[in-house]
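**Student:** Chain residues, written in single-letter form:
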Amino acid sequence: MKKTIIVITIIAVVAVLICLKASVYVVDVRLQAVITQFGKPTRTVTEPGLYVKSPFIQEVRYFDKRLLEWSGEPSDILTRDKENIGVGTWARWKITDPLKFYTSLGTESRGQGVLDEVIESAVKNVVSAYTLKEVLRNTNRKLEYTTKELEDAEDIKKVLITMGRDKIVEEIRKMAARALEGRYGIELVDVRIKYINYVEAVIPKIYDRMRSERIRIANKYESEGRREEAEILGSMKRELERIESEGYRTAEETMGQANAEAVKIYAEAYEKAPEFYSFTKTLETYESTFDKQTHLILTTDGDYFKYLKSFQKEDKSVPE
Amino acid sequence: MPDYGQYKRPQDIRFEDIPWGSVKKFIPPILIIIFVIITGYTAFYTVRANEEAVILRFGSYKETVGPGLHTKLPYGIDKILKGEVKRIYNEEFGFRTEQRGSSSMIGYEYPDARGERLMLTGDINSAEVHWVIRYKIKALEEYFFNVRNVRETIRDVSQAAMRTLVGDRSIDEVLTVGRTEIEQKSKEDLQRILDGYKCGIDIQTVLLKGVNPPEPVKDAFNAVNQAIQIRDRIINEAEGQKNKILPAAEGKKQQVIKEAEGYRIRRVNEATGDIKAFLAVYEEYKKAEDVTRRRLYLETMSKVIPKCEKLYIIDKDIKGLLPMFEINPEGVKK
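In order, the protein sequence lines correspond to chains A and B.
Under the numbering used here, residues 1 to 320 are what the first sequence spells out, in order.
Under the numbering used here, residues 1 to 334 are what the second sequence spells out, in order.
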């Protein structure tokens with residue numbers, strides 16, 4: 001009898017514990033819950049804490065309350081200027097109305113499925129309405145280059161960005177958000193473009209263009225060097241001519257002046273005794289011009305040999 | 001006393017035969033010990049030095065505690081979420097460090113590595129960008145409560161932010177001149193977007209590890225650098241030549257000028273000397289003009305006449321002198 005009581009007591013305690021376990025539930029701060037009765041949702045719990053429900057009749061379904069990730073498959077899009085690009089996007093979303101989410105979609109993976117459709121079509125629609133540059137560029141800032149030539153080449157294109165990536169992405173987000181609005185209990189918090197790339201087939205062409213552009217710059221640098229070299233050597237030659245001719249000019253001038261001064265000095269002095277000068281100078285020239293090839297013919301008439309004929313003193317022999 | 005000496009099969013043991021009296025008194029203490037152990041096990045926890053812990057009581061946030069040994073309500077009433085708040089986390093883009101430490105291995109080949117680093121610049125060129133971001137958890141509650149996959153979120157945002165910046169810059173800016181600015185702005189953008197999500201992350205740095213032109217066009221980019229060096233070398237050589245030749249020419253010029261000046265001094269001095277000599281002689285000559293004149297004449301003649309090969313003396317009265325000489329060029333010469 002006593003044993004039976006013990007057994008019954010144990011069974012009762014276990015039963016009470018099971019009932020208790022089935023009638024209380026905890027909602028984590030990171031989660032929110034939908035309470036269903038025989039599969040039919042009755043209410044939602046979004047605040048964390050310990051809650052009570054009818055055991056066995058009511059069930060709890062939890063949904064994440066945090067920001068959830070979504071990552072899109074890369075999609076090939078033809079832009080307005082007919083460039084074939086691959087665009088990858090990601091999004092962040094939230095379940096804001098768990099009841100609606102539960103009734104319309106039920107599970108998170110189906111939520112991801114809806115986002116796949118909605119966002120991918122929004123991306124396609126929006127991106128294909130713009131040129132590649134509009135999607136690529138974000139602002140109208142001036143692109144800077146290390147060479148003037150490239151900068152000019154970019155300037156000539158006169159790219160004008162009216163939207164830019166951030167605004168286009170916002171347009172995608174709005175379009176997708178409108179498609180989701182009021183239907184699934186989802187809030188689309190953010191959509192962004194992860195990457196934009198050319199499709200594989202076009203890439204070699206891009207590389208060819210980059211290559212030829214750089215080779216052109218390289219050639220330009222080299223010919224710039226040659227030009228500057230010629231300029232330097234040319235100016236060197238000019239300087240050289242100037243210096244040498246200046247030297248010649250100054251030297252000649254100086255020597256000319258020297259000669260002129262000398263002439264002046266001689267002239268001033270000889271002026272004082274012109275007869276004496278011509279006499280002595282003439283004698284000097286005899287000395288320097290006569291040599292052993294000279295045949296000298298003299299008459300006895302001259303002063304030198306006049307004594308050869310007569311030793312008479314002459315009155316007239318004294319000059320002047 | 002029961003007989004333990006004989007083996008009994010389990011089905012033969014009857015409930016009444018178990019000596020409950022002796023076992024019964026041990027049951028309560030054993031239960032109590034088990035209870036205490038379980039309670040102790042679920043009521044204590046440690047938080048390591050570089051960690052903090054968030055405590056959830058019945059799912060609600062209660063508090064955040066620092067390192068040390070702590071108590072909590074047992075049996076799952078309090079839940080602990082630990083996070084390393086002092087650790088600096090790394091995220092690498094375009095490459096992977098496969099082995100940390102002294103012999104680190106950098107891997108460039110893994111699924112979608114190329115897609116991660118290949119970017120289009122604003123002038124529709126391609127660049128390969130490798131970068132790394134370092135971040136810390138700045139608010140543990142936000143980190144746990146607001147965003148489900150924080151790490152993936154950081155990676156996604158960083159890629160979007162980096163590509164937006166690169167897409168708004170020229171290839172030259174991305175490769176060289178704009179790198180610091182890109183690092184700075186991408187850090188700001190990343191932080192701003194993450195703060196918008198309230199994910200409790202503090203971005204410490206964004207570092208561009210390497211920005212290269214894609215492999216197939218690398219040589220063309222190197223050719224540009226080489227061309228710059230060639231240009232500089234050509235110019236330097238020309239300058240060098242100029243700097244060598246011009247000073248030498250200048251020196252030569254000065255030499256010529258100085259020599260000319262020397263000539264001038266010499267010429268004037270000589271002239272002055274000549275004149276002085278001439279005038280001195282003239283002074284004396286004037287005193288005895290006739291005699292001196294004769295003497296000078298005779299002195300000269302005495303020097304000149306011996307030098308001549310032949311001397312003919314002809315009387316002044318002789319006419320028709322010429323036939324006397326042989327008209328013979330050789331004779332004249334000899």
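Rather than coming from a laboratory, the hints here were simulated on the basis of the structure.
Because the structure is a prediction, the values reported are computed rather than measured.
For every residue, glycine included, the Cβ atom is placed at its ideal position computed from N, Cα and C.
Check before you lean on any hint, since a few could be wrong.
The list that follows gives simulated cross-link-like pairs (lysine-lysine, DSSO-like), each with its CA atoms no further than 27 Å apart [claimed, not checked]: (1) 303(B) - 309(A); (2) 142(A) - 209(B); (3) 187(B) - 142(A); (4) 124(A) - 94(A); (5) 185(B) - 281(A); (6) 198(B) - 258(B); (7) 292(A) - 272(A); (8) 79(B) - 62(B); (9) 281(A) - 286(B).
Calculated from the model, a selection of chain B residues having no Cβ within reach of chain A, i.e. all distances over 12 Å [as the list claims (entries may be wrong)]: (10) 41; (11) 79; (12) 97; (13) 105; (14) 108; (15) 120; (16) 139; (17) 149; (18) 183; (19) 205; (20) 208; (21) 241.
Short derived list, chain B residues pointing at chain A, Cβ under 10 Å [what the hints assert, rightly or not]: (22) 141; (23) 275; (24) 305.
**Student:** Going straight from one Cα to the other, do residue 185(B) and residue 281(A) come out at no more than 27 Å?
**Tutor:** violated (100 Å)
**Student:** Are residue 141(B) and chain A close enough, Cβ to Cβ, to be under 10 Å, as the hint says?
**Tutor:** Holds - the Cβ of residue 141(B) comes within 10 Å of chain A, reaching about 9 Å at its closest.
**Student:** Beyond 12 Å from every Cβ of chain A: is that where the Cβ of residue 241(B) lies?
**Tutor:** Given a closest Cβ separation of 7 Å, the condition is violated.
**Student:** Is it the case that residue 108(B) keeps its Cβ farther than 12 Å from each residue Cβ in chain A?
**Tutor:** For residue 108(B), whose nearest Cβ neighbour in chain A is about 18 Å away, the distance exceeds 12 Å, so it holds.
**Student:** Would you mind confirming whether the straight-line C-alpha gap from residue 292(A) to residue 272(A) stays at or under 27 Å?
**Tutor:** violated (36 Å)
**Student:** Given the hint that residue 124(A) pairs with residue 94(A), does the C-alpha gap stay at or below 27 Å?
**Tutor:** Since the Cα atoms of residue 124(A) and residue 94(A) sit roughly 23 Å apart, the hinted pair holds (cutoff 27 Å).
**Student:** Taking the shortest Cβ-to-Cβ distance between residue 149(B) and chain A, state whether it exceeds 12 Å.
**Tutor:** Per Cβ check, residue 149(B) is inside 12 Å of chain A; nearest 5 Å; violated.
**Student:** Please check whether the beta-carbon of residue 105(B) is more than 12 Å away from every beta-carbon in chain A.
**Tutor:** holds (26 Å)
**Student:** So residue 208(B) supposedly isn't at the interface. Is its beta-carbon more than 12 Å from every beta-carbon in chain A?
**Tutor:** holds (17 Å)
**Student:** May I ask you to check that residue 183(B) keeps its beta-carbon over 12 Å from the closest beta-carbon of chain A?
**Tutor:** holds (16 Å)
**Student:** Given the hinted pair residue 303(B) and residue 309(A), is their Cα-Cα distance within 27 Å?
**Tutor:** Between residue 303(B) and residue 309(A) the Cα gap is close to 22 Å, so the pair holds against 27 Å.
**Student:** Residue 41(B): least C-beta distance to chain A exceeds 12 Å?
**Tutor:** holds (20 Å)
In this structure, the hints that do not hold are numbers 5, 6, 7, 11, 15, 17 and 21, in rising order.
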